[in-house]
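Undergrad: What follows is the residue order along each chain.
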Amino acid sequence: MKADRENRPLLQLLGINKAFPGVQALKKVDFELRPGEVHVLVGENGAGKSTLMKVIAGAHTKDSGRILIDGQEQRQWGPRVSRSKGVAMVYQEFTLVPFRSVAENIFLGREKLKTRVFLDKVKMYREASDQLVSIGIDLDVRLPVMDLGVGEQQMVEIAKALALNGRILVLDEPTSALTVPEIELLFQVIRRLRSKGVGIIYISHRMEEIAQIGDRVTVLRDGEYIGTRNVSEVQLDQIVVMMVGREINNLFSRSFCEPGDVALRVKGLRDGRRLKDVSLEVRHGEVVGLAGLIGSGRTELARAVFGLDTLLSGSIELFGKSVAKSNPPGSLALGVGLLPEDRKRDGLFPILPLKHNVSICSLRSMFRSGFINPKVEQSLAKEYIDKLQIQPSDIERQVKYLSGGNQQKVVIAKWLAVGPKVLIFDEPTRGIDVGAKTEIHCLMNQLVNAGHAILMISSELPEILGMSDRIYVMYEGRIVAEYPQGTGAELIMRSAMGFN
Amino acid sequence: MKKKIFLALLITLIVMAVYAGGGKEAEPTGEGEGTLTFALITKALNNPFWERMGNGARELCEERGWNFLYLAPTKAMNLEEQNRLMDDLIAKKVDGIVLAPVDSAGVVPAIERATQAGIPVAVSATGVYGGDIVTYTGTDNYEGMKLVVEHMVEVLGGKGRVIVLDGLLAATVGQDRRKGVDDVLAKYPAIEIVARQDAMMQRASGMQVMENLIQAVAEFDAVIAANDEEALGAIEALDAAGMLDRVMVSGFDGNRDALTAVRDGRMVVTLIQQPEKMAADAILAIIDHMNGKEVPKRLPTEMILASKRNIDQFKDKIDG
Amino acid sequence: MPVNNQPSANSKRYILSLIRVCREFDRARVRQIAFRFFRVLGLLLLCAIITVSNRNFIRLANLINILRQASAQIIISIGMTVVLLTGGIDLSVGSVMTVGSAVSGFFLTQTGLPWPIALLAALGAGTALGLIGGILVAKVKLPPPIATYGMLWIGKGVSFGIMGSTPFFGFCNEFRYLGKGYLFGIPFPIWIMAVLVTITFLFLKYTTMGRSVYATGANQFAAKASGIRVDRVLISAYAISGFLAALGGVILCARLNAVDQDIGAPFLLPAIAGPVMGGTSMEGGQGGVGSSVIGALIMIVLTNGMNLLGISSLWQQFVIGLVVVLAVWLDVAIKKRS
Amino acid sequence: MVNRSKFRAFFLRVPTVAWVLLLMIIVFTISSPHFFTLHNISNILSQGSILIILSMGVIVVKITGGIELSVGGVMTLAGMSMAAALMKFDWPIPLCLIVALLVGTFFGFLNGIFVAKMGIPSFIATLGCQGMAFGIATGMNDGRVFSGFPRQMGYFGGGSILSIPVPVCLSAIAFLSSFILLGYTRFGVYVYAIGGNEESLVLSGKAAWWHKVKAYMYSGFMAGLAGIVVTSRNMTSQPMVGFGMEFEAFAAVVLGGSFIAGRGSAIGAIIGALFIIVLRNGLNVTGVPTYLQLAIIGPALIGSIVLSILVERGLRNRSYAGK
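Residue numbers (the numbering used here), protein chains in the order written: chain A, 1 to 500; chain B, 1 to 320; chain C, 1 to 338; chain D, 1 to 323.
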């Protein structure tokens, strides 16, 4: 009985094809999910993971191929059908309604009714909070979602998906915005569900998570099915090879050089919200890592230094000269660049062509007269597109059609074009495939060797450890520790979590 | 801090804004017993004609020491808004309302509401199809237009190609004047209507419609417009096309700039109405009615054709 | 293709390259041009239809007449386009237009001052109203339609404050030249319009400021994070719109030789519909001056045509409404294709 | 802390414009004895009924993130077609009422399809429908009015139930239906969801576009109802009567706190509508000449909107545009 449940897959995809105008997103992809397994799906950006998920959810219609649930072929497949078959999605971008209550969000589309017409709010509130408690979260379900933190929102998102009692749970990069304890919590939830026989498709960029949570792993590359392995029988770097199709011997290759004098020095920054007395300094020719949990104030620090957010008190000093009141245009002029954490929101102009995205920051310095010379602009764009190998290199293409990694490169290119002396990278490689990651890291190398100063914020310890000359650790809006290069991960983690 | 101040400012601003209105009433009217309050409701604010009605009524009330209130729809010729104004005046319990109805039928229920509330209503400038009104003062648009057209026919010598600019057919005035045109021209088969368009009684549209018709209709001898605004718009268009010397234009209302145009020979004829008198007569009629005097249901205001022949008589109107 | 039945390697390569070329061909740039062209084509088609049914349409005199009528509306639409590009909308243009003409009328008829002063005063007033609107949007962060709807009422108040309800009329000829004058046989308003279109075109395409307008419309946050002074961009966009609206008002009243309270109101909705018909997106960041010209022309030509064909003005509204919807739909559909 | 958040919640629930309205009422009451009288109140409510009914429809569309600029025209056309059915084909009155409602709903449907299916921006789509509606309304009777209806026709505008004017009852019904619809039914939840994050609704397997269409149809239906009321109030159907009403309704819902997609409520909308009506009525009753009113309305409108937005921002110290 159990056996044949084991060997009959919950979900089977056979030879799925899906094309978008211009690109073949999926080419004959096969995929299989057994009950009670966590099936990790990996692949570079643009490998077609998200497309595949959307096909499974019915949000995209496949061009050809077969979808089988419990071995029966599904002829018409759409959002409703997939839900009725027990497919539950947790998307990377939150799909919550900001102004509405947690409960309403959790039950969106499946509201509880009394007398067939009216909402049964009491029941919804009760069941919603039960749902949250069952995954170990305690929230006031009456609160509007917009009043929650990112982590909490993510949890609501998951609770919403689980509330379906789905048999097939799809998690698309669920941990990208979560703090370490929250991730641990999430994994507990996942294990519990797995033991209940739920099949879980888990998309991630974080290699270490494959080992932590996965049973099997399937790799996609450029929309093609590369292969499926049992996690127990495979080495991580083999998977990496499958993903990128080439050998990457060392993820983090840093060539260290002698740091120069101080480029950026901040003293006692306070913003009245997150930042409580932050002081640090960054020298020319060094990468300074800034570790810390989500919400420890790292991003706020970056934004404040660049001048996106206002400060209550504290001083910022650039190249020895103190900055009265930092604001983006001023920082730009002084040669400070910020690679924002939220790329889509703060970095890109999705509907503008590639060339304009690259040139936007440098226009003012390039064309002092205020008149743009298109030829010059184009050559600039071309230069940086080649330098960062942005694909596709069509400078007229709207950047919304580029893959995540390339978009990130565009944002970086935008800043490099200005030629800033101090660069603040906030999560430079979040949600980026291994290939692009290494490219970006090499780039950082070149930059520091050229004497730039880089302040790198990252949630990935390996990255922090591998890339930085010095490491600051933030906790609750304060710098709680400073470590030299080559410090052990545990130590940093401890201070990041506030043990001293 | 900054925001709080801003808030405070805003609140005060709103209070002042509203009170600027509220305060108004105190000085001029003061709600005292004995002093009567009359109100005039016109059709719009975009035509001097209504302003002139307002002035006429205001002067009368000032010299008699009555309170006077002039209201008009902010949206030109808007029936709904005009009825709201009626209701508000009923609530205000004014002693009498002079109304220039946007629509002869559409205002009847409002008038009935007023009479129920015991407020006498006199209509002016445009008649109504019902309701117990004190009287209707004003020129008869139908008859007036007939006069104008007869004059045009005369100067045309009983034949020619004519363009008719109707005015706001959705409103009664427009229809009355159109009827006037049709009924006269029907009698002269030699006169051909080569085109007709509704120019909404506005100068801008008058000009635009004319410009297009100039292109559409090669040859024509005269333009009969439903009011002065249209006529003056058309004149500008014709002038720009250099056709004004051979095309004759007629207006209606006798506003100052129209009379000027007649004097300068740009407009052939217009019909001088006397909005000031209409409004004043209406108020006087209401007074008589209140004093129990018998008031004729129709008080025609005399109307005069103003053409080159007699334009000198109206110097004062032009300069004044 | 060569007519030999066994294709030589040579011709094969030729075919392949041809295919490659075609692949390259249906890429963005060419397409965008094609789309522009589609709209123009639509306009020409419309003209053709009208011409077939009434020859007078195609006469030079009439075409000039159309352009002259369009000039005021196009000038206003240009300003609206700039605002639309920032992702906003300006509901106040109509009443700002009235204010513009009211102010000029006031200076011309009620004061002895020379006409250039009147012109400047009008433009100043328009710009000022635009500025306020812009500040409400950029600093107080009101949603644009709300802020500008408020300004619409403010404008009404101002113009009534200036002229009550007796129109000003009888302006000096120098001033009226703006509206009815000719230069090289072409009406002066058309010249003004042409100049402004060119300037705005260059401004949007070839200046950093213009680029900032697009950037702001495409993504405000990113614009801010890229060191663009978003507030300034927004405020100046609305100021420009106010300025152009006032100018439109001036030209109109110079042609009319008079000002009345409702002179501007009818221009608001066409001024918005025009650019959108022409392909300016209401989300901002996409479009340009060309759109406002084409959109305005489509509407004016349509009206002119219907008058030529003697379609009762009672039904004209209906036709225009229908055409607006269809045009925008076509535009959206084509955009989706790319 | 607790009672502070209570206080916060309370002020968030009550739209700020309500306080301004209250203030305004007080001022007017002080400055005119005729303002705060039973007669004037019933006058305000019955002349306000049309605007209220319209805004009850428009708010639903506004919450989905659309701008509804067609109600003025649709309301007119509904009235005209009802009158035509009555006078030209002399159908029985109940049938004519249904005609009006159907016409309204149909145009709502058109709007919905244009917006949700064809992807036309709501501003343009509704604008187009406005034009078409007015066009038909003027064209169908050569621009002339319909009048001389049978007496019973006046019931919906002039009659009264238990001494409450019928229009007031109708607007009350309209309010209740929107209130319940938005607050206590699935459709309401979906409307808010479409406004807040349409994707979320699509992903939860609901045909968001169809709910959007329904929202527009509802607004159209309300416009039809308003058409009935206005026609029977004036005992005339005039092809320009609804001109500009769409903007009044827009202002009403915005005043009521529907600044951006996904926000707003029936209560807010009705208060907003009352705000507009009371402002005009108060100014008239206190005897302010129209041209002076024009100078007052603008600042009052924009002032109270700015005020309520700032208050909301102050209360929730987050970027209130949400995520």
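Keep in mind that the hints are not guaranteed to be accurate.
With a straight-line cut-off of 25 Å between C-alpha atoms, the simulated PhoX-like cross-links for lysine-lysine are [said to hold, decoys possible]: (1) D:K214 with A:K121; (2) A:K344 with C:K224; (3) A:K344 with C:K335; (4) A:K344 with C:K139; (5) A:K27 with C:K336.
No lab work stands behind these hints, which were simulated from the structure alone.
Undergrad: Run through the hints listed earlier and report the numbers of any the structure violates, in increasing order.
TA: The structure conflicts with no hint, since it agrees with every one listed earlier.
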